[in-house]
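Chains D and S, in that order, are what the protein sequence lines are.
Per my numbering, the first sequence starts with residue 1, numbered consecutively.
Per my numbering, the second sequence starts with residue 1, numbered consecutively.
Derived from the structure by calculation, the hints contain no laboratory data.
Because the structure is a prediction, the values reported are computed rather than measured.
Heads up, the beta-carbon is just placed ideally off N, CA and C, and yes, glycines get one too.
Check each hint, because a few of them may be wrong.
Here are some chain S residues the structure puts well away from chain D; computed CB gaps all over 10 Å [to be verified]:
hint, residue
1, 30
2, 46
3, 74
4, 81
5, 85
6, 99
7, 100
8, 106
9, 121
10, 124
11, 220
12, 281
13, 295
To give an idea of the chain D side of the interface with chain S (calculated C-beta under 10 Å), a few residues [claimed, not checked]:
hint, residue
14, 20
15, 24
16, 41
17, 43
18, 44
19, 72
20, 75
21, 76
22, 104
23, 119
24, 124
25, 285
26, 288
27, 289
28, 292
2 protein chains.
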Amino acid sequence: MPVRPVVALAGGVGAARFLEGLVQAIPASDLTVIVNTGDDRDFFGLRVCPDLDIVTYTLAGRVRRDTGWGLEGDTFQALDALRGLRDDAWFQLGDRDLATHIHRSARLAEGAGLAEVTAEIAERFGVGVELLPMTEDPAPTVVVRNDGRRTHFEEYLVRDGSPDDVASVDLSQAERAEPAPGVIEAIRGARTLLLCPSNPVVSIGPIRAVRGVEAELQRRGDAVAVSPIVGGRPVKGPADRLLRAQGTEVSARGVAGLYAGIASGLVIDQADAGQAGEIESLGLRVSVLDTLMTNPAIARSVAEAALALAETS
Amino acid sequence: MPVRPVVALAGGVGAARFLEGLVQAIPASDLTVIVNTGDDRDFFGLRVCPDLDIVTYTLAGRVRRDTGWGLEGDTFQALDALRGLRDDAWFQLGDRDLATHIHRSARLAEGAGLAEVTAEIAERFGVGVELLPMTEDPAPTVVVRNDGRRTHFEEYLVRDGSPDDVASVDLSQAERAEPAPGVIEAIRGARTLLLCPSNPVVSIGPIRAVRGVEAELQRRGDAVAVSPIVGGRPVKGPADRLLRAQGTEVSARGVAGLYAGIASGLVIDQADAGQAGEIESLGLRVSVLDTLMTNPAIARSVAEAALALAETS
Chain D
1 MPVRPVVALA
11 GGVGAARFLE
21 GLVQAIPASD
31 LTVIVNTGDD
41 RDFFGLRVCP
51 DLDIVTYTLA
61 GRVRRDTGWG
71 LEGDTFQALD
81 ALRGLRDDAW
91 FQLGDRDLAT
101 HIHRSARLAE
111 GAGLAEVTAE
121 IAERFGVGVE
131 LLPMTEDPAP
141 TVVVRNDGRR
151 THFEEYLVRD
161 GSPDDVASVD
171 LSQAERAEPA
181 PGVIEAIRGA
191 RTLLLCPSNP
201 VVSIGPIRAV
211 RGVEAELQRR
221 GDAVAVSPIV
231 GGRPVKGPAD
241 RLLRAQGTEV
251 SARGVAGLYA
261 GIASGLVIDQ
271 ADAGQAGEIE
281 SLGLRVSVLD
291 TLMTNPAIAR
301 SVAEAALALA
311 ETS
Chain S
1 MPVRPVVALA
11 GGVGAARFLE
21 GLVQAIPASD
31 LTVIVNTGDD
41 RDFFGLRVCP
51 DLDIVTYTLA
61 GRVRRDTGWG
71 LEGDTFQALD
81 ALRGLRDDAW
91 FQLGDRDLAT
101 HIHRSARLAE
111 GAGLAEVTAE
121 IAERFGVGVE
131 LLPMTEDPAP
141 TVVVRNDGRR
151 THFEEYLVRD
161 GSPDDVASVD
171 LSQAERAEPA
181 PGVIEAIRGA
191 RTLLLCPSNP
201 VVSIGPIRAV
211 RGVEAELQRR
221 GDAVAVSPIV
231 GGRPVKGPAD
241 RLLRAQGTEV
251 SARGVAGLYA
261 GIASGLVIDQ
271 ADAGQAGEIE
281 SLGLRVSVLD
291 TLMTNPAIAR
301 SVAEAALALA
311 ETS
């Protein structure tokens, strides 16, 4: 399989909205997306891959719009019945969404790799973008809480409601994971490398942590990122709590600091235009525009800005 | 756990309707039901136990009445989505029903035995009857077709629509299976032993085939059965095709012949009253009444007839 010209590293909802814009700007067949699997977890024996599914459903035009995850119009009969049978059914899994997890788990149990199964599911959903899990190995992101408890990222995010009690984020399992087939080749061979507006700590962070990925990103040093922080706040999710926990300022400038070694460009929001000079002093070219992707047209303009920045970086 | 005074051997829909009558006649806490697991099969990695679920749902008052299986008012969103992902989603699995299979599969994967999981599910459904799977070992019933193909019973019944091309029924896997914990003790210790109006070949047959069960049934020799054949036809299902395949007449008399070694009584329908004398000549006492359990009151009268016959046998 030839390497595709554009490669993007992605987490969940923010990434998916950006990618929806990107495939308006370039053909889907030109794009490979390497997706975080640090959020993956087995629920009642079913393998759930939140970020892979969010990206798949969004690119298929079938994601639930109000939440950014799950399938539009899905029902929750099975989950409701599961709650009558067990006490750990806290993760939101719709009935049609459940079919994805059942099918994936069955294929994995048959011996298929996660990369193969991901490609099959994407194809069944009519997604022309190539989706690669960052790894096929278990690589759960662990959130260490102030009281010392070690919780899976989804336990922190969903079960516990992402409170502000994060002591640190442990990516050591990602560090021991091998990249999935095609990941290193995709990064190495891409003409343009993008970092989606995802959580730098728990979405892009785990991908960087996978063996060999960071070295490849640093060797290139020319990624273009879109800041997920706008006006000092994450657009969605607990990035503020996670950035603070590792001592990073919750700002576009803070994001630039995290990406300085691997990126040559950063797309930031107009609200953060005042930080452009400081970001440029870190060695990144900057593009400033409205980045709140409240509709596909804005998402397209953000994607085009990132592509343009990549051309000039 | 003390052995309960009444023990019944059961298949699916016919048995469940009879048991619904039986628990009107005796306390649920007096009854143990040993259920056929020859129909059990994994679908997409989920363990489905059709007869256990039919009996559980029926005794919980939650079975879908028009079919006799599945849950009343269930939806089929997950199955519909699975059909978009795979080509083998031919078994009818409702969304709430699916929760049972997901939970059971997860508990089995955790190392719980099928007997334990069955008891847990029954309790969650508020069923006071003790339900025992005949075995915890895999014991699929294989239907050998006229063209030599060996098909799982549910493939024959549901996928292929139970055609009249049965060469033989292979219970060899049940013959190698150990009885589930409590099965032999329940049969040995029961005051009253009943054979529900289930398919003698593929519902009661597999239970009899499990190691040690037939010897125990023959040692007692006092079971009371309810004929599943009325007026020369099965009330439901393909019993006619399966009986003919093994050279048994499709009649109450034919059923009596199969049960002669283990039963001392047979409840038959008024339509078959003319066969009473012949059945008695096989050594079985006979009770004749309307056995078409079209409502719970008739089911209760059939159950009471069986209990009365057991008292006098």
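Status of each hint after checking the structure:
1. 30: Per Cβ check, residue 30 (chain S) is outside 10 Å of chain D; nearest 26 Å; holds.
2. 46: At roughly 7 Å from the nearest Cβ of chain D, residue 46 (chain S) sits no farther out than 10 Å, so the non-interface label is violated.
3. 74: Nearest chain D Cβ is 7 Å from residue 74 (chain S), so the label is violated.
4. 81: Since the minimum Cβ distance to chain D is about 3 Å, residue 81 (chain S) lies within 10 Å and the statement is violated.
5. 85: violated, 4 Å
6. 99: Since the minimum Cβ distance to chain D is about 3 Å, residue 99 (chain S) lies within 10 Å and the statement is violated.
7. 100: violated, 7 Å
8. 106: Residue 106 (chain S) not clear of chain D: closest Cβ-Cβ about 4 Å, inside 10 Å.
9. 121: Since the minimum Cβ distance to chain D is about 7 Å, residue 121 (chain S) lies within 10 Å and the statement is violated.
10. 124: Incorrect as stated: the minimum Cβ-Cβ distance to chain D is 5 Å, not above 10 Å.
11. 220: Given a closest Cβ separation of 36 Å, the condition holds.
12. 281: holds, 50 Å
13. 295: holds, 28 Å
14. 20: It is violated, given that the least Cβ distance between residue 20 (chain D) and chain S is near 21 Å, above 10 Å.
15. 24: Because about 25 Å separates residue 24 (chain D) from the closest Cβ in chain S, which is outside the 10 Å limit, the hint is violated.
16. 41: violated, 13 Å
17. 43: holds, 9 Å
18. 44: Cβ of residue 44 (chain D) sits 4 Å from chain S, so the hint holds.
19. 72: violated, 12 Å
20. 75: OK, holds: residue 75 (chain D) within 10 Å of chain S, min 5 Å.
21. 76: holds, 9 Å
22. 104: Where the cut-off is 10 Å and the nearest Cβ of chain S is about 9 Å from residue 104 (chain D), the hint holds.
23. 119: Interface hint status for residue 119 (chain D): violated (13 Å vs cutoff 10 Å).
24. 124: holds, 5 Å
25. 285: violated, 43 Å
26. 288: With a closest approach of 42 Å, the residue 288 (chain D) hint is violated.
27. 289: violated, 38 Å
28. 292: violated, 32 Å
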